[in-house]
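Trainee: Take a look at the letters that make up each chain.
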Amino acid sequence: MNLAQREPSPFKTYDEPERRRWMSSPFLAGMLFLLPSLVLFGVFLFYPMMRTIYLSLYLIDTQGEPLVFVGVENFINLFQSSSFQTSAKATGLFVLYTVPIGLILALVLALLANEKVKGIGFFRTMFSSTMGMSVAASSVIWMFMYNPSIGIMNRLLSGIGMSEVQWLLDPQFALMSVAAATIWMNTGFTFLILLGGLQNIDQQLYESARVAGVSDWYKLRKITLPMLSPTLFFVTVVSLINSFQTFGQIDILTKGGPMESTNVIVYSIYKDAFINYNVGSASAQAVLLFFCILIVTVLQFKLTERKVHYQ
Amino acid sequence: MKKLLILMMGIFVLILGACSSNTSEANDQEEASSGSASGKAEVLFWHAMSGELETALNKLVDEFNASHDNIEVTAIFQGTYEEALTKLNTVAGTEDAPTIMQTFEVGTKYMIDTGHIQPVQKYIDEEDYDTSQWEENISNYYSVNGEQYSMPFNSSTPVLIYNKDAFEAAGLDPEKAPMTYSELQEAAAKLTTDDQYGFSILNYGWFFEELVAVQGGLFVNGENGREGQATEAVFNSEEGVNVFNLIHAMYEDGTFYNAGQNWDDMRAAFQSGRIAMYLDSSAGVKSMIDNSPFEVGVSYLPVPDDTERQGVIIGGASLWMASAAEEAEQQAAWEFMEYLATPDVQANWHVDTGYFAINPAAYEEEVVKEQWEQYPQLKVTVDQLKETKATTATQGALISVFPEARQKVVNAMESLYQGADPQEALDRAVEETNQALEVNAKKSGN
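Going down the list, the protein sequences come from chains C and B. The C-terminal position of the first sequence is numbered 311 in the numbering used here, with every residue numbered one higher than the one before it. The C-terminal position of the second sequence is numbered 446 in the numbering used here, with every residue numbered one higher than the one before it.
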């Protein structure tokens with residue numbers, strides 16, 4: 001229990017026994033080290049979270065002051081509102097559109113960029129370059145590309161003789177268009193992490209495989225993917241959470257429209273809290289989103305962690 | 001190890017100390033500056049004017065400060081109207097609140113309900129200020145039950161903007177813009193070609209409100225909320241349905257272009273020749289004339305056939321005084337507001353920005369006359385406002401859930417492009433707005 005008894009104490013210059021015991025208790029010393037981050041987390045994460053849960057149970061006036069305790073009424077109103085159901089559906093679809101395709105795309109790019117050929121550094125830089133772009137800047141670029149009257153997308157379509165599409169104005173296409181832009185934005189980050197994972201795989205495994213003379217496909221399935229699984233697991237969890245929390249590109253590209261088809265939950269929270277001044281409803285949505293992400297992440301750990309191979 | 005620990009703790013204490021000492025220093029500075037100025041009243045002015053508008057506004061503030069030794073106005077940009085209002089929320093009623101706050105027209109009811117504002121009527125009464133010099137149709141919006149709550153400042157109205165070159169190419173008279181719905185539909189049909197649409201309206205609630213008001217239709221009950229609290233939306237009336245029927249019919253005919261919700265997209269569509277006529281804010285007229293590669297015409301909002309034109313509601317923003325500010329500060333703020341309303345300041349403001357002059361005497365100033373000679377279209381926007389009849393319809397609705405109501409209207413507009421029935425779409429928007437009104441009534445305890 002007492003570290004000082006087994007090892008030379010790092011604090012032995014202090015003579016007072018009281019002080020010495022206090023300082024050398026590993027728990028307290030540990031807490032002391034954690035203090036800075038605990039304070040920061042507390043101020044910027046834990047307190048706001050508790051406050052959100054608290055606010056979600058109240059009727060709030062337009063200036064954000066809680067008025068009356070209403071219990072779960074905010075939640076009941078949400079479940080009954082068709083607007084919230086549209087939001088939930090949009091969020092779910094958005095996650096489905098962006099995460100699997102984004103991961104597969106980044107994985108393919110990472111596998112390509114992992115080859116040792118001349119000039120590969122150029123391609124690695126290119127593939128990861130979207131990471132250096134802010135969401136705002138890239139959204140504006142995509143906005144111009146999607147512009148129905150002057151954008152490149154419609155020029156391409158009319159170039160191959162197809163009729164024009166109102167990318168961001170047609171409820172059928174809007175969510176997919178935003179999803180496509182998001183995949184492009186997120187690929188850089190996912191690619192970089194996956195490439196790092198690939199480079200960490202022990203080369204001896206591949207050498208043994210070469211001696212055994214197995215096919216490339218076999219190597220991919222039996223060596224690369226299992227060895228990459230911790231990294232893959234990490235990027236899946238992170239991408240999923242990111243995708244649930246998408247805001248910037250929605251705000252710039254569609255503002256939740258048309259007909260709320262891209263009104264994902266985070267955007268809906270923003271609108272309710274800062275445009276409509278319904279802080280109670282916004283807090284309730286935030287709490288629901290939190291638990292939704294929590295459940296999905298826990299499920300991911302429960303269901304897929306067994307398949308993750310740690311060295 | 002121990003040294004490291006102490007070092008880290010030391011750094012941490014320093015950081016915390018630095019944070020708190022910063023704020024106390026800032027406070028000291030504030031106190032020092034307000035104290036040392038010895039009677040120099042400080043006016044903090046929060047606004048939402050960005051880009052060229054901010055430059056124009058700062059010019060006005062600098063001129064005021066230079067000509068008033070005992071007052072120092074500090075103008076601070078706080079983001080869009082919505083963002084600024086959110087920031088105001090966190091400080092309203094405290095010492096840190098701005099003395100003057102610029103808020104958009106639909107925030108009027110919201111500002112009154114906060115209870116942290118001082119109606120400017122007090123100073124109008126005290127100084128016997130002559131409000132009849134103001135443009136009545138503008139100041140009307142910001143007066144409730146005969147009391148002037150805020151000082152009108154930057155105001156704009158909607159206008160029909162059209163491409164004169166396209167009119168000529170289609171065999172239409174470029175000097176004669178469509179004034180009624182059937183004229184509009186006819187012109188749009190002639191203007192529509194393979195790559196050009198006749199007409200467009202931005203999917204934005206303001207234009208719908210204006211098109212209803214120009215027919216004399218109300219947005220909410222209680223005479224647009226001007227006589228008592230509005231409890232129900234009424235824009236699914238005949239007037240509202242007229243507007244939706246027009247959009248629906250024109251979209252089905254293929255003469256109406258869905259320009260989305262983004263102002264810049266719509267303007268780009270007009271400038272690139274995609275649409276030949278559209279509705280825009282009068283504040284956008286000048287740059288549209290400057291930046292279009294063709295002749296631009298400006299005209300009044302169209303009305304249904306055989307309907308008497310009632311006029312337009314003003315958009316834009318007004319200036320609010322904080323009730324928490326000290327007497328001397330309020331007095332200084334009022335002086336600044338008075339200054340802003342003088343004809344020559346308003347003339348410059350009108351010329352620089354395209355916003356209306358709240359003081360019509362400004363239109364007699366030389367700078368304005370020169371400008372109008374160069375851009376005769378600007379006069380059309382002023383005339384449309386002058387001809388407006390002062391009714392509760394053109395005074396504009398007074399509800400605190402305006403932003404939400406607008407979202408519902410936009411949804412309904414967008415559903416038209418998916419083939420929704422105009423009456424049903426409007427009924428749904430009204431129902432959803434009613435819910436928002438109900439929730440809000442619960443909040444304010446009514």
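Hints are computed from structural coordinates only; laboratory data are not their basis. The C-beta atom is built at its ideal place from N, Cα and C for all residues, glycine as well. There could be a bad hint or two in this list.
Which residues of chain B face chain C? A few of them, derived with a C-beta cut under 8 Å, are [claimed, not checked]:
1. A92
2. K109
3. T114
4. Q118
5. K369
6. Q371
7. W372
8. Q374
9. V401
Trainee: Tell me, which hint numbers fail for this structure?
Mentor: 2, 4, 5, 6, 7, 8
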